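Participant: So the chains spell out like this:
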Amino acid sequence: MHLLKSRVPKLWLTARRNRQEIIKAGLNRRELFKMGLLTSGGYLVAKSGLSAWASGGCDAGDCQLGCSPPTTPFIDPLRIPPILPSRPVTDLTPAPQECPNNAINPATGLPFEGRGQYNGVLRPGTDCFQFFRRFPPEDFFITRARENTRFRITSDPHIPDQTIWGFNLGGNDPAITPGPTIVDTYDGARVVRRFNELPPQAQNGGFGVPEISTHFHNFHDAPETDGSPCRFFFRGQYYDYYRTMQTAGFDDPNTDPAERQLEFQSTLWYHDHRVGHTAENVYKGLLGFELLFNQFDTGDETTGFRLPSFPQFDIPLALTDKLIDPGTGKICFDLFGLDGLIGDKLLVNGVLQPFFEVQKRRYRFRVLDGGPSRFYELFLTNPDNPKQSIPYFVIANDGNLLPAPVRFPTSSGSGARISVAERVDIIIDFKALARDLGVKRLWLENRLEQVNGRAPTGKILPAGRPENVLVEFRLVGNAVRDNSVDPADPTVRFYALPPRPTPRITRRFRFERGNGQWQVNGRFMDCDEIRFTVNRNSAERWILENNSGGWQHPIHIHLEEFQIVRRNGQLIQPGDVEFSRKDVVRLQFNEKIELLTRFRDFRGDYPMHCHNTIHEDHAMMLLWAVQDDANDNNTRP
Amino acid sequence: MTAMTRRTWLAALGLLPAAGLVSWAEASGKSPNKETHAWQDIPPRELIRRRHLPDVALVTHEGKSVRFYDDLIKDKKVVINCVYTRCQGICVPVTANLVRVQKLLGDRVGRDIFFYSITLKPEEDGPAALERYAALHGVGPGWSFLTGKPEDIEKLRTMLGFRYADPAEDADKSNHVGMIRMGNEPYLRWSACPGQAAAAWIAKDILLEMDGPTRPAATAKSG
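Protein chains in written order, with the working numbering: chain A, 1 to 637; chain B, 1001 to 1223.
Hints are computed from structural coordinates only; laboratory data are not their basis. All values reported here derive from a predicted model rather than from experimental measurement. Errors might be hidden in some of the hints.
Quick list of in silico lysine to any residue cross-link-like pairs, SDA-like style, CA-CA up to 20 Å [stated by the list, open to error]:
| # | chain 1 | residue 1 | chain 2 | residue 2 |
| --- | --- | --- | --- | --- |
| 1 | B | Lys1204 | A | Arg123 |
| 2 | B | Lys1076 | A | Ala202 |
| 3 | B | Lys1155 | A | Lys330 |
| 4 | B | Lys1121 | A | Asn515 |
| 5 | B | Lys1076 | A | Pro200 |
| 6 | B | Lys1149 | B | Glu1185 |
| 7 | A | Lys330 | B | Arg1049 |
| 8 | A | Lys322 | B | Trp1039 |
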């Protein structure tokens, strides 16, 4: 316990001493960072410290913090993933089936469709789509998971082409990461057909397992279509992911139909979830955005909530951090690490520290922590005047618009903090910032220090350090017409929170580590073990506990969103950014979280897990199920 | 429930998404000037070997001298953990669990899957002590207990990731890492699972790691 408290100061002292020695030798901090000798956290190269310096740097294969080659920020424009096209389902061949298409494909010797396989084994007759006949699919999307060996994260000629795994637009086009954005509305069921066209295992370039399961993170889905960890499929197969596109409560007699309008979702994402290999596969690029619109959040700033129009002024930003091998120049992954992986290169939408030219008006940015392990605390900094406090407004937490916008930095100076898989939608008013503060460019920064995969240190780094910048916004032109809502207006309201349900039972979950083994209530992930069963169309109170002072865990629960009722006994109040529907909760040092969640509509098995994907892959996950009238009263399952 | 349909709505967006496509076309295809930096062309398998799989000299519980990479890992499917014979803690349940896993895997162990248990206390655990330990636990063929020079064992342990970042925690051998590492070396496939997980699940997981890359689709053209 409290390992961090006793350890960090000593590390700081050593790092400071080493730094001073180097400074004496005549190199400043920025030069050191450029040479890869200083990490973004301000530490000297973690493992070998000065010896790495003495021997001229890190060696090929040293896939570790501080060893990545130097790179130049802000030389490439932000890329925005294209929108995945859709077509009427009548154009889809073979047509999607209620039960899996398990006929054998003579070309592969495997069933055409991977649905119906569980943990790699076909279970005939299982995983038929729930509610398929009630909501027949109208449209479909098609996309192929592929390798791209010529992917550029920067135009800097010193950095070579990268090999990534991503998704394409469904034809013979190359895969990209993040994959194409799926844009949808709640007006009819859909099918997303995903082909696995990844290369053979031995051609993975060093990491990645070509067995995939694509989770639609945060959506209200049935297990057979959720992208569940044990339902991975193989090269040469496809998998149809069917969506009812119904808000939660559609098959629950106790849900007031009017309430279902409070269950609309906005910023979701998809990512690989292959049990035991999620971290390397998502790090390799298997992720993308999935954005939902409705009659309130319309994508048109002249209607509904009048949020900045999509896609010109509504921009997804996927944050990922990477390590680059100092010998090969290729993105690398530590296959043998257990704590978590922190990279020293920040990518946004697959581009290394891009710039983005913006007009002087309001923009909505959908910021995703794409993992694998880093926590972020977001600040805006004017690089021409770093002492200015620059406001922005958080309008959504995870997939959901808040009851009202929340201003950041807070009165105590905190930025919006997100852990892996969490999202915040923020609004930045570039017109007001140009007018009131003379801003010409603006840095979106992560100032939360994190030096290993265990947890952030909690220290907020000074504003204005280039190594902490995610995106440089460049304000161009004159102020332009802006019909979008002003989040600074105190009368702005979005959805109210759905009424809090009465829980049938309270269950407790302790997330801990013993002998280096991640566990929940002292046990480990097992695809063949359902720990407990909840009653369909009921609600429960779950208590999540972390008794460690050295680790933090982003905990994600599938099927339905929850509301955080208390954090360490303190009620979450209106006006707090966590007064929200949530699908990930940060379980920080020695914390206890009380949440309420419902289990409506679908039957079957779902996971709860740590979304630090390294912890997740090492068994910090459990499966539970939903059935009618199960009446399972295990309070510490 | 919704007044807006997606198709009409997307049509209203017009050609705007195409702007994204243009910059994405630039995301692949353009090659940098390779002459500006001498990157090394090292195969990924070789990088994994350098980083994690040192070719240290070891001795098995049967007294046989072996090289870790060349003799035990290269081209093999392996399961690796750490123990020491006087361990009163986690070694006992994990070894017992691995014996159950070995039985579940039947004759695959020793035929094409190999188990290795590396001692954490080479100064105490010579081949004879390890031999007694293996016999005591009813370990079957295809499972080697390994010892060596303390500095080599330390190097092996840390490079295989059986270590804690915190030095004080790492120094406490009684609290050592209870994970089991699974490797399918020629296929660059490595993972780990808790040694105290259910034996049936560990056995299944091992088979998926070892057989996954060579299932039929892996050699056929994908559709």
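Participant: Against this structure, judge whether each hint is valid.
Facilitator: Going down the list of hints, with the structure as the test:
no.: 1; hint: B:Lys1204 x A:Arg123; result: 16 Å, holds
no.: 2; hint: B:Lys1076 x A:Ala202; result: 13 Å, holds
no.: 3; hint: B:Lys1155 x A:Lys330; result: 26 Å, violated
no.: 4; hint: B:Lys1121 x A:Asn515; result: 17 Å, holds
no.: 5; hint: B:Lys1076 x A:Pro200; result: 18 Å, holds
no.: 6; hint: B:Lys1149 x B:Glu1185; result: 24 Å, violated
no.: 7; hint: A:Lys330 x B:Arg1049; result: 16 Å, holds
no.: 8; hint: A:Lys322 x B:Trp1039; result: 18 Å, holds
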